[in-house]
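Asks: For reference, the chains in residue letters:
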Amino acid sequence: MQRERAPETGAPRHVCWQYDSPDEFQAKARAFLAEGLSRTYRALYVADNPEQLQADSMIQVAGCEDFLPSGPQFDPEKALGAFNLATEKAMAEGFAGLSVAVDCTTLALDALESLARFEYLLGEYVATHPLSALCGYNRSRLDGERTAQVVCLHSDSNVDGPGFRLHAGDCRTLVLSGQLDLFSADLLALTLRRAALEPQNGELVVDASALTFLDHNTLLRLAEYAQSLRSVLVLRTSWPGAAQLARLLDVSGVRVEPAP
Amino acid sequence: MTAGFVHPAVFYRSDEEYLAMLRPFVTEGLAAAHAVAVAVPGRRLDLVRDSLGDLAHDVEWIDMAEAGRNPGTIIPTVLRRFADAYLGRYVRIVGEPVWPGRGADEYPACVQHEALINSAFAGRDITIVCPYDVTALEPRQIADARQTHPLVWEAGERHQSPQYAPQTAVRRFNLPLPRDSRVAQFVVKVQRDLRAARTFVAEQAARCGVGSRTADLQLIATELLSNCLRYASGDSRVRMWCTDEYVVCEVEGGGNLADPLAGRRPANDGHGRGLLLVNQLADLVRIYSSGHGTAVAALLRADRQTDGET
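Protein chains in written order, with this note's numbering: chain A, 13 to 272; chain B, 26 to 335.
Hint data in this document are derived by calculation from the structure and do not stem from the laboratory.
All residues carry an ideal CB built from backbone N, CA and C; glycine is no exception.
Accuracy of the hints is not assured; some may be wrong.
What the hints assert, rightly or not - Part of the chain B face toward chain A, derived, beta carbon under 7 Å:
{"no.": "1", "residue": "Leu-162"}
{"no.": "2", "residue": "Thr-247"}
{"no.": "3", "residue": "Ser-251"}
{"no.": "4", "residue": "Arg-298"}
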C-alpha cells in the first residue's frame, strides 16, 4: 500500500447501504459506480451472485470469494490487501482509482467481528487512497443490532442506526460524529476495541467537528481508552458541552480543542 | 480543639458581633496551624478580610454568593474541596449559605444542605461555623438553623441546640417545585429516546430564549434521564418551563434516591458523577422524592451565560 494518493473530495467514499431487495442494491450500486466512472475510476461490483447485475461492459464483476471470502477464517488484513491490489492495478491501467460496490451480507452473518475490523481498515484506506466503496447489507437477513455494528464504521449511510459514526479521517485522525450517550455506550466500546486505533506521538486525536452530543460517561470512557493506549485524548469539537464537561470533570489526559 | 466534627450556627445581630465571633475563630485557628477558609457572601468576605490585616494571606477566601449559588454544590465543591486538600490537618471553615435575599425557590435546598453537612462530615476533624443574620432573616429561618445545627453560638454564649434534628429538616423541606402552567413534557421509555429528548430540550431552550445554554440543558436532561433508565422502572418524563428568573428542566422517574448525599460528593469519591455534574451545571437543583418516584429539577438563571462565554 505504498502508493498513497489523496482521493478526490466531494462524493461520499465509504458508504453503508441497507437494502430490502437485491434489485434495490443493484440499482444503488449501478448509480454509485456510474459516479465513479464519471471520475475515470474503474467500476467493480462484488457480490455472491455478481452476474445478477445487468450486463454492463463498463462495470467489472467479481464473486465475494475473490475479495471477501466468507467464513470464520476471514482475514481483514488479507481482504484489505485484495482491495489495495485492485486499486493499484486500476491505476496502473490508467484509471484514476477504483470504485467498488460490494455486498457484505453473508460475511456479516458469518464473521461480524472480523468484518467490522475490515470495515474500519477499509475506511482508513479509503481516506488516503483513490478508492470509493459502497457496502451493501440486506435488511431481511440481518437484524438491526448486527447492522448497527457496521453502519457506525462508515462515513455515510442510508440508515441512522446507532446515532454515531467512527471512522478514520484523511489526516490520520479518528473521526467521531453524531451523538454519544447511554444508548450508544456499549457499541462505542465494542467499536473502539475492533478499530484497534494507533495513537500518533502519544496523542489520540479525534476530529469531532460533527459531534453534537456526548455525555460524561462517554468522555470518561474515551479518556480511559486513550490512557490504555498510553496517549492523551485530544478532542477537536465546536460543541460547547465538551469543554464544559472536561472542565467540570477535571479528568486528566483529556484536551478539548476548537474544531478547525 | 475538640476532635471530630463541630458544626455550630452563629447568630449575629451586627457587623461587630459578626467579627467578635468569627475573627477569633479564624485567628485562633491560624495560631494552632489549622487550615482556615472563609466562604461567605461578598460584602461579608471583605468585612472579615479587612479585620485580619496580614493574617488574611493565610486564609482561603471564597465568595459564597458565587460558589454557593446552588446549595447542592457547596459540600462537594466548596467545603470538601478545601477540607480534602488538608487531610491530616485540622480544618476550620466559616460557611454562610443562608443570607437575606436567598429566593423562595432556593431556601428549601439551603436548609437541606445545612442538614446534610452533619452526615457528610461526621467523624472528621473539622469545624464548620455557619453565620446567620438574625436581624435580617425571618424567625422561622433561625428556627430552621437550630434544627440543622447541633450547636449554637450567640453573643456571649455557646450551647447545644435542643431542636437539633437534621433528618427531620431534610424531610420537612422535601417539597415539590411549583410548575408553571405552560410546562412542556416529553416521555422517555427506552435508551433510544434520549436523542429525541435532547431535541425536545433544544426546542424548549429556544422557546425560553436561552439557546446559549442548550448544551448545558441537554447534558442535564441526559444525565438525569440516564439515571432513570439505569436505576428506575417505568417511563420517565422530562419537563421544561420558564419563569421570569429561571429556565427549569425537571426529570421525574419511578426510582427513589436512597442516598441523601447523592450528587454532593466530590467526583474522586468513586460515586456516580451524573448528579454532581447536574449540580455543577445548574444554578439551583431541587430534589423531591415522593412515594411514586423522584423529581429532580435543575434551574438555570435565564440571564446567566455558560461559563467561558462573553
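Asks: Now tell me if each hint is right for this structure.
Replies: Hints, verified against the model:
no.	hint	in the structure
1	Leu-162	violated (32 Å)
2	Thr-247	holds (5 Å)
3	Ser-251	holds (4 Å)
4	Arg-298	holds (6 Å)
Comparing the model with each numbered hint stated earlier shows that hint 1 is the single one that does not hold.
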